[in-house]
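**Q** Listed below are the residues making up each chain.
2 protein chains.
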Amino acid sequence: MARERGPRVGILGGGQLGWMMVLEGRRLGISFGVLDPDAGAPAARIADRAFRPGEGAELASWSDVVTYEFENAEAEAAEIAEAAGKLRPGLRPLLAKRNRLLEKRLFVELGIPTADFRPAGSPREVEEFLSSAGSAVVKALGGGYDGKGVRFLRNPGDAASIPWGYPVLVEEMVDVREEISVIVARSKSGEEVVYPAAENHNAGGILLYSIAPARDAEAVEAASRAAVRLARSMDYVGVLAVEFLVSADGRVLANEFAPRVHNTGHWSLCGAATSQFENHLRAILDMPLGSTEILRPTGIVNILGISRDELPVRDILSVPGARLWWYGKAEARPGRKMGHACVVAGSDEELRRRLRELMAAIYGDFPPSAAASVGAGALESEISHLSRSADA
Amino acid sequence: MARERGPRVGILGGGQLGWMMVLEGRRLGISFGVLDPDAGAPAARIADRAFRPGEGAELASWSDVVTYEFENAEAEAAEIAEAAGKLRPGLRPLLAKRNRLLEKRLFVELGIPTADFRPAGSPREVEEFLSSAGSAVVKALGGGYDGKGVRFLRNPGDAASIPWGYPVLVEEMVDVREEISVIVARSKSGEEVVYPAAENHNAGGILLYSIAPARDAEAVEAASRAAVRLARSMDYVGVLAVEFLVSADGRVLANEFAPRVHNTGHWSLCGAATSQFENHLRAILDMPLGSTEILRPTGIVNILGISRDELPVRDILSVPGARLWWYGKAEARPGRKMGHACVVAGSDEELRRRLRELMAAIYGDFPPSAAASVGAGALESEISHLSRSADA
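Those protein sequences? They're chains A and B, same order as listed. Per numbering that gives the first Met the number 0, residue 0 is the first one in the first sequence, and the count goes up by one each step. Per numbering that gives the first Met the number 0, residue 0 is the first one in the second sequence, and the count goes up by one each step.
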């Protein structure tokens, strides 16, 4: 780190996660190379150097360390960086993450509770599970994020509707009380820090808003222990995010992990002493990790499928304690993450009131694109949940 | 602001203040053009477009709004932007700032207490002041910042040593108990927010460290009122910083103002709900202003004259609650601001202990360049001051 030029980090993927990594990392004197097929991708636009697919060797050679912001991107470039000894986190978590069956088996091996599951090689095997359990969640083995590759089955015969090839993963349908997530940062020398857990609310399988700290202390403690165990087991280096379902009967079930910075950790940009992005960079560059202390109750709302023209910037920034992250993507599509807004407050109750204001500012008029993204029903239900929980 | 492309801001000057403005402003979807003679200047390196001296008209044409990060830079470009109706803050505060006599007279006009002063047209007039007051501070009328253009005179005959041409400003030498500064943001529509004041410690005329919030509530209240009055008087748009000397006998004396973001507001990047950089941008773009609430007691230490090779990054980041801003300047020179570190803490006492650790991490070994920058005596005196105030 003591070279005159400062460290160079290569990022596989040029989306908003890489973009925030660059914005947070410049302060530390880090230079960034970004590999993405789209030269106009958010992180590619502000990188010191942009690389195209097929230039994995050039990226690995230019970089001191290579990391990834999207687990389904650029497998070949990741392998080249691993072979050069520069990929952090390494290939192991990436491979476990790319196949949902391996991911579930890893939870089981480590004694981390997770929803019951089995692989199914045919519609008949899915139907068997469905008829015995009464319901099932079917997941494609690869390529899943933001609710993609997931189907909820409630009726006999539903297995016929699955659009992917077999085998698939079939899981019990958990009666979910809440979803929480834990973010761990771990450096090469084994230093570990854990962020306060976030409470997450999805609509249509996509994160709509999240709140830190999560309220359920007992569930958070179990989840945090499990997340640290998972990180250690993979000799993990960087930021690791783990999502948990808390069932109606109080089980804390690991749902999935992401070997990268994560949407449910964006609150740390506003409300933590050090952001997840900075700690990811510190970890992969083997710098001392920063404090994960929460400074104020903090929430974020994702801005889904809204174009800059439609964005009510004034309304968003008028909410007390609110700030905006606009990713600068060229085109809004239904469900696409275009930006997020955060808000801080003096108490959990005040936070939930302000989040409700923020939701109303962003989605209140239900512009057609936003309603298409999230579903007006899901929005109304989440806004009324915020109202109830703020008043509770 | 509702155009697809997002607003464009032009910045006169490419130093670290512009650099932090760009880093903070990208999130809001703002594009930046930077005008600086040095294409490798911190803000020029990360701008969307770099402009050279003489290209003031091109910058004004490209930008929706033009601002400045250094009041002594690019007078012609500022005038062009003003003529185009795009300069915020406008020329008026810039002109008042560029001449210390106008600056002092503005304080007097507004009834804001300031140290006694008079213009002096010759060494004889300075000697007269000196012999009647026993001591004097002599200041060049223009070009002053970071202690440049200031001489403290204590002995008859000292006036002969002044290296600038006449006239000069001659002031009473205040017996200073402390220095505090107040940052105000004011938007075109007249919305105003005031940051908690910072307590500042200089060495060799250059800010060494500052702490927010300042302890002296009575002085802070008087200073905040005066800063708001100054901003209103100039119909100011943007962030305005005002420095005050609190004298041993309790007078709160406006010392100078800066019509821009300011080193003593850097704490807001770490410890405020919204940074001074974001609020400056919101103000000049007439967006709603962000909360200036302080989330935690916060301090910063300037990194003066230390090259990247010498920078003890690990020691700095090992201080609990610490973060680093490294400006990426090509060359370290004595007294040059190369970066800063911030630290947050749970209480004022803990903050002062952590600041002492941070000072020791940065300057503890007194590398030759740092000692040349600040003076070993001044460093030792400030470190022992922190020790005393932490234990108090």
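Mixed in with the good hints, there may be bad ones.
Identical copies carry no separate label here, and so any pair may be met within one copy or between two of them.
To be verified - Calculated pairs, SDA-like style, for lysine to any residue (alpha carbon to alpha carbon, straight line, at most 25 Å):
1) Lys187 x Arg307
2) Lys85 x Pro311
3) Lys328 x Glu255
4) Lys187 x Asp308
5) Lys187 x Pro319
6) Lys187 x Ser317
7) Lys147 x Arg214
8) Lys336 x Arg7
9) Lys147 x Ser246
Just so you know, the hints here were simulated from the structure itself, not pulled from any lab data.
**Q** All hints, please: hold or fail.
**A** We went through each hint and held it up to the structure:
1. Proximity of Lys187 to Arg307 under the C-alpha cut-off of 25 Å is restricted to the inter-copy arrangement: shortest distance 23 Å between copies versus 40 Å within a copy.
2. With identical chains, the CA atoms of Lys85 and Pro311 are at most 25 Å apart between copies only, with a shortest distance of 24 Å across copies and 42 Å within one.
3. Proximity of Lys328 to Glu255 under the C-alpha cut-off of 25 Å is found in neither arrangement, the shortest distances being 27 Å within a copy and 43 Å between copies.
4. In the homo-oligomer, the alpha carbons of Lys187 and Asp308 lie at most 25 Å apart only across protomers (23 Å), although the nearest pairing inside one protomer, at 44 Å, exceeds that limit.
5. Taking the shortest Cα distances, Lys187 and Pro319 sit within 25 Å of each other only across copies (19 Å), while inside one copy they are farther apart (40 Å).
6. In this assembly of identical chains, Lys187 and Ser317 lie within 25 Å of each other by CA distance solely across copies; the values are 15 Å between and 42 Å within a copy.
7. With identical chains, the CA atoms of Lys147 and Arg214 are never at most 25 Å apart, being 28 Å at best within one copy and 54 Å at best between copies.
8. For a Cα distance limit of 25 Å, the shortest separation of Lys336 from Arg7 across copies, 23 Å, qualifies, whereas the shortest one inside one copy, 27 Å, does not.
9. In this assembly of identical chains, Lys147 and Ser246 lie within 25 Å of each other by CA distance solely inside one copy; the values are 22 Å within and 66 Å between copies.
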